[in-house]
Structures are given as structure tokens and as C-alpha cells.
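So the protein sequences, as listed, match chains A and B.
With my numbering, letter number 139 in the first sequence gets 139, and the count goes up by one each step, no holes.
With my numbering, letter number 76 in the second sequence gets 76, and the count goes up by one each step, no holes.
Hints listed in this document are in silico derivations from the structure and should not be mistaken for laboratory results.
On a predicted model such as this, the values are computed, not experimentally measured, just so you know.
A hint or two may mislead.
Where chain B lies over chain A, by a calculated footprint (3+ residues, C-beta under 8 Å) [what the hints assert, rightly or not]:
#, segment
1, 16-23
2, 41-50
3, 53-64
4, 125-135
5, 150-161
6, 164-174
Not the full set, but computed from the structure, chain B residues with beta-carbon under 8 Å of chain A [what the hints assert, rightly or not]:
#, residue
7, His8
8, Arg10
9, Thr12
10, Gly133
11, Gly175
12, Ser188
13, Gly194
14, Cys254
15, Asn262
Glycine residues also receive a C-beta, built at the ideal position from the N, C-alpha and C atoms.
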Amino acid sequence: MSQAGTRTHAPGDAPAPPKVFEGAGRRELDAILKRYPDRQAALLPALWMVQAKHGWVSPAAMAEVAEVLGLTVASVKGVVTFYTMYHQHPVGKHFVQVCTTSPCNVCGAEGVVAAFLKATGCARMGATSPDGQWTIVEAECLGACGFATPVMIDDDLIESVTAESVPALVAKYR
Amino acid sequence: MGFPHPSHPRETVLLSRHFGDAEARSYAGWMQRGGYQALEKALGMGREQVIDEVKTSGVRGRGGAGFPAGVKWSFMPKERTKPHYLCCNADEGEPGTFKDRELMRWTPHAVLEGCAIAAYAIQAEHVYVYIRGEFTEAIRVMQAAIDEAYAKGILGQNVLGRGVRIEMTIHRGAGAYICGEETALMNSIEGKRGNPRIKPPFPAAAGLWGCPTTVNNVETLAAVPHIIEKGAAWYKGLSLSNPKSTGTKLFSICGNVAKPGNYEVTMGFPLRDLLYEMAGGIPGGRKLKAVQPGGCSVPFITAEEAAGALLDYEGCVAAGTQLGSGGMIVYDDACDIVYQVMRLARFYAHESCAQCTQCREGTAWTTKILQKILRGEGRMEDLDVLVDLGEQMTGKTICVLSDSCAVAVVSAIQKFRPDFEAYIRSGRAVATA
Numbered sequence: 001m002s003q004a005g006t007r008t009h010a011p012g013d014a015p016a017p018p019k020v021f022e023g024a025g026r027r028e029l030d031a032i033l034k035r036y037p038d039r040q041a042a043l044l045p046a047l048w049m050v051q052a053k054h055g056w057v058s059p060a061a062m063a064e065v066a067e068v069l070g071l072t073v074a075s076v077k078g079v080v081t082f083y084t085m086y087h088q089h090p091v092g093k094h095f096v097q098v099c100t101t102s103p104c105n106v107c108g109a110e111g112v113v114a115a116f117l118k119a120t121g122c123a124r125m126g127a128t129s130p131d132g133q134w135t136i137v138e139a140e141c142l143g144a145c146g147f148a149t150p151v152m153i154d155d156d157l158i159e160s161v162t163a164e165s166v167p168a169l170v171a172k173y174r
Numbered sequence: 001m002g003f004p005h006p007s008h009p010r011e012t013v014l015l016s017r018h019f020g021d022a023e024a025r026s027y028a029g030w031m032q033r034g035g036y037q038a039l040e041k042a043l044g045m046g047r048e049q050v051i052d053e054v055k056t057s058g059v060r061g062r063g064g065a066g067f068p069a070g071v072k073w074s075f076m077p078k079e080r081t082k083p084h085y086l087c088c089n090a091d092e093g094e095p096g097t098f099k100d101r102e103l104m105r106w107t108p109h110a111v112l113e114g115c116a117i118a119a120y121a122i123q124a125e126h127v128y129v130y131i132r133g134e135f136t137e138a139i140r141v142m143q144a145a146i147d148e149a150y151a152k153g154i155l156g157q158n159v160l161g162r163g164v165r166i167e168m169t170i171h172r173g174a175g176a177y178i179c180g181e182e183t184a185l186m187n188s189i190e191g192k193r194g195n196p197r198i199k200p201p202f203p204a205a206a207g208l209w210g211c212p213t214t215v216n217n218v219e220t221l222a223a224v225p226h227i228i229e230k231g232a233a234w235y236k237g238l239s240l241s242n243p244k245s246t247g248t249k250l251f252s253i254c255g256n257v258a259k260p261g262n263y264e265v266t267m268g269f270p271l272r273d274l275l276y277e278m279a280g281g282i283p284g285g286r287k288l289k290a291v292q293p294g295g296c297s298v299p300f301i302t303a304e305e306a307a308g309a310l311l312d313y314e315g316c317v318a319a320g321t322q323l324g325s326g327g328m329i330v331y332d333d334a335c336d337i338v339y340q341v342m343r344l345a346r347f348y349a350h351e352s353c354a355q356c357t358q359c360r361e362g363t364a365w366t367t368k369i370l371q372k373i374l375r376g377e378g379r380m381e382d383l384d385v386l387v388d389l390g391e392q393m394t395g396k397t398i399c400v401l402s403d404s405c406a407v408a409v410v411s412a413i414q415k416f417r418p419d420f421e422a423y424i425r426s427g428r429a430v431a432t433a
């Protein structure tokens, strides 16, 4: 679903972020490149590296990825926009994805979303909380339907979350 | 063992034997449980012999399509003039399905062993394990197993000292249901948008980087070591109904069910027994309304149809649905089926890669019409429009995402038309939307 942030960025309105593919980052990318017969195949892993470092994939980072992999910026952007897990805007310190697809939906997943919005002070889905700590989105099927409702907080998948268990979970990550 | 519930006495526990057994995750633990004996045996057999064994076993693709795995392998060229590749499809994303996740996070070496045997059989020197981006735990566990396997000589330039080279790399997805479609998966590995490719050429002729490629589901590959170890005849004997459906199948039961989880049964097992005896039936004193036995891309069936259904490829078709991936979604009589169908349509609209008009427009308009009905603004003609739209979305696109949306929506209208009509007649809006 929509993961639009509350800010928009015109190219060049922010200071250039630190480079990802220098030093240890460059060595990590070189090791990845050894696993594939061409450079473009390292695009998804490279974008994961960018997001791990910056928290999102900025236009400047896309340009850096394009340069190191010998791709056009347009083709990199085409890939970034295809996959929902790459953030095209900055998100809160904690990014929360709540599965609300049917198997979880019939088990009360929408109540879990409402509980997260309430506990974090987010005005709506996709909007970052005023303290910059939280962004809550709905996700389509997290692949853990037998453990409704699964929730991803950053890189952690938490099983069997209920509306009642949300406040304690939020307190744990806060 | 069993996870999250102890194995039921009527399960046929093969792939799920070590679910919940954290010690089975390590190389040492796996060796104590008889690990890598099948790989040893396979490397002592001819490649053709391995393929024949898998062909004879009758094992069919567990990702949803049900294509015979050994036949798929036999499409690979016998002479290697270009690199051959194997892709392990761990992009499990079919709503209702969560079996590959358990296979990877409890028994990573079983998946790895299946991959290695398959790679040997089809002369692939590199295996890409494509794991969906959300499966962070499975990625960690699988990477640890791969690292250990390299250290122990199970992977690398000289597998088990037999002069066979097998490399293995995890490729992490980034949030796209469509990448579970095998040609979209290959594009995603190549660093492209996950758009499915037109077939032919099929992957065995021109797959990854234009080279011969086989894509198999995690569960299919995990079954291979058992077939090699105990033989095709034994595996073929695991069949309770139709001999064209063999082996065991993991069913992921979820939705309105008392004990959701994975249950492994022999092909042909009665749906009713799985649902009520193993998974504890419907909680809260409510009754069964509908089931999708194979994930959300298969037709809905009613409680009456489900009562006599047998869980194999042919049995599900006879009951008016499909076995699919074995992700069984259970809906009780308190469910608003119209709302849930809209949610499924919205899922497909969200996940459409948007290459084909029928899919891009069809899934979006199906969702909009269902939302209109849920707002209490529907007209009776809308139901005919939805069915007609479903026909236009079937068999006309590069992949079957569009068909899947149509099948869920049209079957729901056919089976539960009064629920849709009630919204239209009353002009009532949904409470939860």
C-alpha cells in the first residue's frame, strides 16, 4: 500500500548523503559482484545496502548506485519504484508493516493497525509520527498467515500480534 | 516435533519432522539427523538416473502449478554449452501460505540438500535462492547454513570430494508478490523490475541471463532428498486417492481456525479431517462458510463442497477448486465475504506488475466496483460486470495474476451471490471499511 512520507524532496534540496560504496561498503559490493555474472544483478543487494545505511533510497543514492553498477539513473529508479520495501522517502525511526490481507483480516488485523496508530500518535497510515519515531503502513501478506496478525517492525517479524498487545510492543521499541 | 503444534498422529511427517527443533538448524545437528546422505547417494548416481528417479516419484511442483518436477528437470539441455542455473523459489507470498518459511527456518540444510541434488542433476553450477525480503529470519538461518555447508565441503568447487561444483547465493527480494512467478523471479535476480516474461522461450531454454534455468519451489526441493534416499517407488506409494498425486504435502491452515499452522499429510487426505481433527475446526461455536484450499488464487468452495473434498490435485478440482500452494484459508459464518473478496482484489491490484492491460485495469476496476458495492452504492448489474470483467481477465495475459484475481472474485459471486445482493438491495454500507 501507499508508503508515501509526509515530506517531498526536490532534487538537490538536501546535502549530499555520505557515499555508501566506499571503503568497507565498496568491499562488500565487490564480494556481492563475485556472485553474479554481470553487474546489474547486484542492483537489489546494492539498494539494500543503501537502505541499511541511510534508512531510505534517496535520489542521490540512486545516482551513486547507477554509477557503481554502470546503469542509468532511470533504470535504477525504475527498479526502486517497483519494489515496495525500498523507501523512496525518509520514514520514522521504526517502520511498522501490519499485514491486513484476508487471512489476517478475518482475525482482526485492521484493529491492530488502529491500535498502532493510536499508540504511536501517527495521524494516518504512511504518515510519520510527530516525534519522528514511527511510520505505520499496511502490508499485503507477510507470509505468516498462521500467526495472525504478523507485524514487521524494522527487520523483526513479530507473530500473533493483537490490538491488545500493541501498546506493550510499542513501549518495547520506543 | 511439529510447530507451532506437536505433530498430529494422522500426519505423515516427512518434511516437517524437525519443525520446532532448533538443533536441526546447524550442520552438526543436521548430520546427527541423517543429513546429506541423500546428496552422497545422488552424487554416486548418474545425472539421468537422478532425474528419472524424481520423474518416477511423481512429485509435482509445490509452489502452486503442480507441474511434475522430474519432467521439468528433463527439459534442461543434456549438453552444457552455456552455464546452467537452478533457482530455488522462496518468494512465498501467496496469501494463506507459510510453509516454505517454516522449511527454511527450521530445516535449512534439508532445503540446501535438495538444491544441491537438483543442481547436480541439471548440471547447474550456481543456485540462486530467491527469498522474499520480509523473511529476515529465514534469510539469516539459510545464510548460516550455506556458510557452514561451504566450510564443510558440501558446497563449493568440489562437493563432497566428487569433483562437482555447486555455488549457492541468497538473493533477497524487496516486496513484490509477482516475483514468485518464475520468469519475474529471474528478472528480479538480474536486477530488473519483476515483470514476467513471455513464454516461450521457457526457462529451460532461455532463463537467467539467457541460459538454461530451472525454477523449483522450496517444498519441492525439500522433498527430493527423501525421494533419492528411500526411492521413487516408496514416494509414489504415498498416495491415498489419485495415483497422479504422490507424496506428502504441507498445508498451511489459517483464517478462522482453532489451531492454525502447518500440517503435513499424504496426498488425497480428506479436507474435513484436516480442518476439524487436526486444526481443531472453527473456533467460537461458529460454522464454516467458505474455504480456499490452495491460497487466495484458487476458487472459493462452500462448506458443503469442502465436506467431501480430498486434498490432492485431482480431488480439489473435483470439488470445484485447486490444490494450489496448499495455503488453506478458512472463513467462518461471521465473515463478511464481500469485504474479504474486495481485500483480495485489492491485493491483486496492488501486486499487478501493470504490464498487461487486462490485469492492470481489470484488477483495479474489480476492486473499485467491489468498494462501490461495499459503500452501499452498488447496482445488480455490477455483479454481471464483475463476472464479465473476470472473463476478460482470464487467459489473456503474460502470467496468471490476472486470472487469479478473476477466479477468486467470480467464484465468490457464484457461491455467495446472496451476500453481494444483500449489500445492493439494502444500500447498506460496510461497517469496517
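How the hints compare with the structure:
1. Residues of the segment 16-23 of chain A lying with their CB closer than 8 Å to a CB of chain B number 0, which falls below the three-residue condition for coverage.
2. By the rule of at least three residues with a Cβ nearer than 8 Å to a Cβ of chain B, the coverage given for the segment 41-50 of chain A holds, with 7 such residues.
3. Here's how the segment 53-64 of chain A fares: 0 of its residues keep a CB closer than 8 Å to some CB of chain B, so the rule of at least three is not met and the hint is violated.
4. With a cut-off of 8 Å between beta carbons, the segment 125-135 of chain A has 0 residues touching chain B; three or more are needed, and the interface restraint is violated.
5. Check on the segment 150-161 of chain A: 4 of its residues sit with their Cβ under 8 Å from a Cβ of chain B, so the three-residue criterion for coverage holds.
6. Judged by the Cβ-Cβ criterion of 8 Å, the segment 164-174 of chain A is not covered by chain B as claimed, because only 0 of its residues qualify and three are needed.
7. Because the closest C-beta pair between His8 (chain B) and chain A is about 15 Å apart, greater than 8 Å, the hint is violated.
8. Annotation: Arg10 (chain B) was flagged as interfacial toward chain A, and the flag is violated, the nearest CB pair being 19 Å apart, outside 8 Å.
9. Evaluation of the Thr12 (chain B) hint against chain A yields a violated restraint, the C-beta minimum of about 19 Å exceeding 8 Å.
10. Evaluation of the Gly133 (chain B) hint against chain A yields a held restraint, the C-beta minimum of about 5 Å falling below 8 Å.
11. Of the supplied interface hints, the one on Gly175 (chain B) holds, with its beta-carbon coming within about 4 Å of a beta-carbon of chain A, less than 8 Å.
12. Proximity of Ser188 (chain B) to chain A holds as hinted, the smallest CB-CB distance being about 7 Å (cut-off 8 Å).
13. Because the beta carbon of Gly194 (chain B) sits about 6 Å from the nearest beta carbon in chain A, less than 8 Å, this interface hint is met.
14. Given hint, Cys254 (chain B) at the interface with chain A, holds; its Cβ is 4 Å from that chain's nearest Cβ, closer than 8 Å.
15. A cut of 8 Å between beta carbons decides the hint on Asn262 (chain B): the least distance to chain A is about 7 Å, and the hint holds.
Checked against the numbered hints above, the structure violates hints 1, 3, 4, 6, 7, 8, 9; every other hint is satisfied.
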